[in-house]
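Undergrad: This is what each chain is made of:
4 protein chains.
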Amino acid sequence: MGQESAGIVTSNGASPPTYTTHKGMGLVNTAFSPEALLKLRYGNLGICHTRYSTTGISELQNCQPFVVDTLHGKIAVAHNGELVNAHALRKKVMRHGVGLSTGSDSELITQLLAFTPPMEELDSPDWVARIKNLMTETPTSYSLLVMFKDVIYAVRDPYGNRPLCIGRLVPISKLHTTGVGEEDTEGWVVSSESCSFQSIGAKYYREVLPGEIVQISRHGVKTLSVVPRPEGDLPAFCIFEYVYFARPDSIFEGQMVYTVRQRCGRQLAIEAPTDVDVVSTVPESATPAALGYAQQSGLPYIEVLCKNRYVGRTFIQPNTRLRQLGVAKKFGALTDNFAGKRVVLIDDSIVRGNTISPIIKLLKEAGATEVHIRVASPPIKFPCYMGINIPTKEELIANKPEFQDIAGYIGADSVKYLTVEGLVSAVQEGIASLQEKDNISSCNKSSRKVGHCTACLTGKYPVELEW
Amino acid sequence: MGQESAGIVTSNGASPPTYTTHKGMGLVNTAFSPEALLKLRYGNLGICHTRYSTTGISELQNCQPFVVDTLHGKIAVAHNGELVNAHALRKKVMRHGVGLSTGSDSELITQLLAFTPPMEELDSPDWVARIKNLMTETPTSYSLLVMFKDVIYAVRDPYGNRPLCIGRLVPISKLHTTGVGEEDTEGWVVSSESCSFQSIGAKYYREVLPGEIVQISRHGVKTLSVVPRPEGDLPAFCIFEYVYFARPDSIFEGQMVYTVRQRCGRQLAIEAPTDVDVVSTVPESATPAALGYAQQSGLPYIEVLCKNRYVGRTFIQPNTRLRQLGVAKKFGALTDNFAGKRVVLIDDSIVRGNTISPIIKLLKEAGATEVHIRVASPPIKFPCYMGINIPTKEELIANKPEFQDIAGYIGADSVKYLTVEGLVSAVQEGIASLQEKDNISSCNKSSRKVGHCTACLTGKYPVELEW
Amino acid sequence: MGQESAGIVTSNGASPPTYTTHKGMGLVNTAFSPEALLKLRYGNLGICHTRYSTTGISELQNCQPFVVDTLHGKIAVAHNGELVNAHALRKKVMRHGVGLSTGSDSELITQLLAFTPPMEELDSPDWVARIKNLMTETPTSYSLLVMFKDVIYAVRDPYGNRPLCIGRLVPISKLHTTGVGEEDTEGWVVSSESCSFQSIGAKYYREVLPGEIVQISRHGVKTLSVVPRPEGDLPAFCIFEYVYFARPDSIFEGQMVYTVRQRCGRQLAIEAPTDVDVVSTVPESATPAALGYAQQSGLPYIEVLCKNRYVGRTFIQPNTRLRQLGVAKKFGALTDNFAGKRVVLIDDSIVRGNTISPIIKLLKEAGATEVHIRVASPPIKFPCYMGINIPTKEELIANKPEFQDIAGYIGADSVKYLTVEGLVSAVQEGIASLQEKDNISSCNKSSRKVGHCTACLTGKYPVELEW
Amino acid sequence: MGQESAGIVTSNGASPPTYTTHKGMGLVNTAFSPEALLKLRYGNLGICHTRYSTTGISELQNCQPFVVDTLHGKIAVAHNGELVNAHALRKKVMRHGVGLSTGSDSELITQLLAFTPPMEELDSPDWVARIKNLMTETPTSYSLLVMFKDVIYAVRDPYGNRPLCIGRLVPISKLHTTGVGEEDTEGWVVSSESCSFQSIGAKYYREVLPGEIVQISRHGVKTLSVVPRPEGDLPAFCIFEYVYFARPDSIFEGQMVYTVRQRCGRQLAIEAPTDVDVVSTVPESATPAALGYAQQSGLPYIEVLCKNRYVGRTFIQPNTRLRQLGVAKKFGALTDNFAGKRVVLIDDSIVRGNTISPIIKLLKEAGATEVHIRVASPPIKFPCYMGINIPTKEELIANKPEFQDIAGYIGADSVKYLTVEGLVSAVQEGIASLQEKDNISSCNKSSRKVGHCTACLTGKYPVELEW
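Protein sequence lines, in the order shown, are assigned to chains A, B, C and D.
All letters in the first sequence, in the order written, are residues 1 to 467 by the UniProt record's numbering.
All letters in the second sequence, in the order written, are residues 1 to 467 by the UniProt record's numbering.
All letters in the third sequence, in the order written, are residues 1 to 467 by the UniProt record's numbering.
All letters in the fourth sequence, in the order written, are residues 1 to 467 by the UniProt record's numbering.
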């Protein structure tokens, strides 16, 4: 999903293996020229990482995957998430006499994995033991890919905070009747978002479970271990992935994100109805919720804004100024659709209030008689320490004095939010019905516990934060 | 709209004027760095051009505006459209002893304007006479901006084939309550598409009429002349602008493009109904037609595809390979919304058939039981010689043998197109109702004749083509 | 010689011909990537131009060769020099109704050549007549290459102000014993400086004479005409080429530039002797003069400065600041060679005084007891209107009050210049001896008159300047 | 000296310090834009590194200085040279559980320095102890700069294999009478080559001695320790720096490189006289030797070649093809200077024979009757493992069968080399005379032993090589 930098490391799987690396700044198609991709093709396995800056600093040096040479050979690590106890772990590693060349968690993880207990045999590193050891050092938040020679380990933290799923590459002959079938197109892929599978001709296979260590090799996919959570703790999959971050065609916990958002819209229509003429959306991310709201309320769904092509996404730009700049130019008003009408506009979330305010102004200038805002998620009040780029507490609109009269502040006739309970039930309702229907893959079924991280909404973090 | 190159020329309006020029390749924000824009600000008038390659060759040298030095000083010309008799005009100009340094119509136009009849007084060029002379030399297709010292002439050919409209810059104080009001933000802007006004804080004022020569200067907007068409000829505004090319929030002939597309969808539902469960769209351009189809047919409207961010528009890339490459990666299937259902998918046009075929395949693989295609425009069968980048006759799907069984060819359960009559009535119905309501600006009102170029659909070109 | 931009146009020689053009900014190896060169190879003739900005503005648009389409097909023109009556010619061309898209003489020349008298037959342009007509319109200063289909015309103005010479490509088999001999490597090349021949495996053949129009085609090299000067006028080859501008291994008028510079150094030793310990040079351009001075005076020649690699030439940068910036970093002092000694330092010219002053300071700080400057050319006092980038009159050190005490101003113990008479005799002595020995090629021999443009030194321009 | 990449790290000297880093590919003025330099100015100390690839691979990741975060804060390391026992050290570091992210010696050195013995107090790292420890781990070859907070440690290995010297920044007011004097321009600089001092307005102060650890801080320059060599070992300063690598105005061991090269030329004239008409040089690096040869032999010195501007140095390009490509275009023949004469051409070294062969051919084609080659250094026969980019043993001309008839192979009339003894005496003669005159700074004086690494000539490496 990142648009700041991208990196790929491939291995030829030989012994010793040759790794080939390319990293570049910008979107994937900028970072990877055809020449760069060509040099990467000598390999039958590889890991990749795309990145949006969570710190405001984008440098090639911080670009993953991180590769280090160890006594046993090179390992490559790609990491999604943020270690909650990174600071303490850095101290520990440095106390051992290791210098860290970047501020990234990825390097920290590679050094923790490189660490060889003296008694260990040199020629047979026990990666499962090392990864399990890493997982005891840090509870969350991480989804990891670790490549070593001819094997990739896919790992998800015990709380399952960041997503990770496995797909199966389908031979080209089964996808495109005109294409040439080649055997070598079979294989396995792992990704944070299942939506990425379709574009490379792969099918969703299953999620990596919280705490699971999966080995992917020429022998297929195999669960090596499932590291448990402390007794009594529930999983803590990031609920914000459903609300905002994931692409709507992604699947988490067996359900499509789009469907969850549509349920949020229905729930919102129940919790916060309005007396208006039409329902509309802030395109495109709020559209499923808006359609859900329209279906539940019986109000007609129309479009009030069209997106200006060629303008990037608001969220993942590293500073406020860049986020604000695009807003005014982003949307065109479809005046004739709503002039003289009362509009309820569904948005997926209001983080800073920078985006929605000019939109309301735009609609009113263009003739809307009333503009009501319904937000298909609760107010964000707390920082995320687990890898989502949420602004500081002070920047969040829900923590500002203006929030007391948010409608007045953003110029709306009314503003209402979905409740935390409403959101959680909209999310978990689908999982419950799935489990009843028992149609998820056997490995995900049965005793699976359900739980979500709502820390940014409630301040209840899944683990105690160390400082 | 172009994404191949862009250029700006500003004038400081002095006597003699200083012109500042910047041209660059790529999208506007690539072509114009902040430094480039800074050097352009010394001026109170300017013209700009963005370009998509109509010939497959993108070179900076062909980038408009074209500036030439004449006996009276420099003129700058920006041109949208394509001169139907360019070949004969080039010969004429070269026979006069002029060498042409590019193959562009823009240079040809500047040389035609530079041409000084010997009797003319040196220090007072009669630009209206020169422009009128140009308009007698070539009937269509062009919308022109001609800048000379401190005046811009906005010109539309007598058939009004390409759009051109005028907007008024609103002082910033009236747009943003927190902004600082500065007097100098008042002014006039001219554009092919009215949708561009909103993003710079301007309001739609009116269209330039077919054949009209409008002078824009410090004294405001003034009609200098309206060059008539040959008696009996109707205007020939490009109907394809409504169907595909324009942004939906643009206004042509007093009506919003979105509304016209919605009417096309309604008309399509009348002409070509289907027995299915749901209506959907190929996002985003077909969405108004799909909503129109849903409203008329009473079928529920759902989304079946989500767009992959970061992938450019299909149409305006200069060759087939580039057009095809993006298709597979462009959309994600919203599986749960349509699995087990019969779908009618509305598209705005089918040019080559390259895009719709993999989409249908995708929907069927994801579980749609039937996929019917309804196209909200008639088949394109003929080349455009007036500036729209339509493929050659041979490349158009409607001229291929496969068109006889188009449904089979693209893998649909059925395919139906809007009729030419249906399209024309959907377009003109709105203009008629506007004229009845008499709420268009006085200059557009009254005796205005209505007519559209449907050459790409019918082969009936507005003027005889010279070769 | 230019380092600002470069362009190549090749022709495939067919009827009608296809021309392929590439232009780029920067040094030749920056401007021409391997890909760019590859696309240019489809042709058996071509013209090229490299350029240093004479106006301070470097834009791709002004980059030569200039190509225009005429009634008879495309012509391409590359031009070295500056038309003394460019202003009047521009007016004339524009009065004919031609718009000029650049301020360059090259475009002006192409438009003058494109100009078709109405009586002329369309299918057989008489290029010799056109070129002769051009030469009657403007006396100097130009060396031209005009390419049309399968012919190149090499033209030098009647005063021969700018150099132009012809070389013969030697088959590779005769140059490199290990290379494969291919017949197609035979051919002809034309260049401003003969030194360029060696690097492509060509041999010097002869100069193009003042006023000569040479046709180069598959049939070889043929003189079409020699346009005479007004009676009584001598040739006016730029003497500054000998003094500073040309590479020392170039040949003009039958003599090597290095030899002329060495003679200037000998003459300088006669005109301006010094009582010092050692002779040295400002590397590298003054070295031949310094060796000549050492030989004539009997003083030992040593090196006092080493050049810092990676810093470009001082002269051909478009503005003062860029010229100055490099000076301090350009040279390293070879302290041990001159500490405690009296030095006479030979320079080839002092244009602004910016370079020599810090060098003297550097030598004195490093221990030279005296530093005397001897300049192997007379003071430059007048601007050049014929294509050499000399600073404005006001910027020239010789026109500043400081010149009265130039030694004090630049910190030298004494400063003396070569006289104009001394320079002219050093230049012409070699030509005289050549003509006596009669060993120059027959076409250059016999009645050849000798004369040089010393306008920048004396203010006597070869033709009357029009304004 | 490098032209592949460059990096700078500055520290603001605060507690804790902020380090600012910029690295870039290419020559220094490419790698560092004005913007990049601007961001680096917040600091009063910094270290920098330029690099030419010794391995053929240039990547930003390998670009120095290397910065790592340690328990005590960040350290930055710049390194010139190559650790002879790098392989064993890497194993050792990795055995400790440290992953190495690059293959560079610099990272290895930082990790060795980061290594904290457990007993050490956390808040007071003893850098001298750590650096001394590093120096016991690896005998050679390295000159190091280690920056920590507000101190820079300048370190040279016990054998003094790579050069390192200290300069003093002179206040601008004392350098340029017109400049504004600012106090903050005083300070200290450290460099591999003293020639770099002049271009920034610094004066040579002294060398860092073999084994010396010098501390540079706000309190000035202070020797902390001098780590001794194993008893009986002499210093082993790279003799190739004198012969080829250093700039001629650099000072090593108290003598100017130019003077040493001139002495080599004189010695060569004694060892290998020739019966010819003129002496000349392969410009520019062989010129001092050629002048020395001319002085000793009494033969006249002339120039036979002029260098083509705009072509880079032959030696420091990473592969053979790039080295060869430039040769043909590099020189122009000054024909008239040597036609009909017998020439002895002095070269500084013959590494592969690629350069000299086409030059001889060129001179003969241009009329030289004989061309004798005298090389001012002995044949290179052995690889360097201490940081100089010498080709593999197989690529060296002196190890090829052709070397038996080297004159025939390169097309010369005779070829002779300076002897190893001749070279060593030419180098050490100057040091001896300096020590006699006792005019070197006190710290370099007295008991200083003299010794040079001639491994590439003799195969006698200063330390035993580990594999």
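In case anyone wonders, no lab produced these hints; they're calculated from the structure.
Misleading hints may appear alongside valid ones.
[Claimed, not checked] List time: in silico SDA-like cross-link candidates among lysine to any residue, alpha-carbon distance up to 25 Å:
| id | chain 1 | residue 1 | chain 2 | residue 2 |
| --- | --- | --- | --- | --- |
| 1 | C | Lys307 | D | Gly254 |
| 2 | A | Lys449 | A | Val420 |
| 3 | D | Lys91 | A | Val420 |
| 4 | C | Lys416 | C | Glu464 |
Undergrad: Broken hints, numbered, in rising order?
TA: Those not satisfied are hints 3 and 4.
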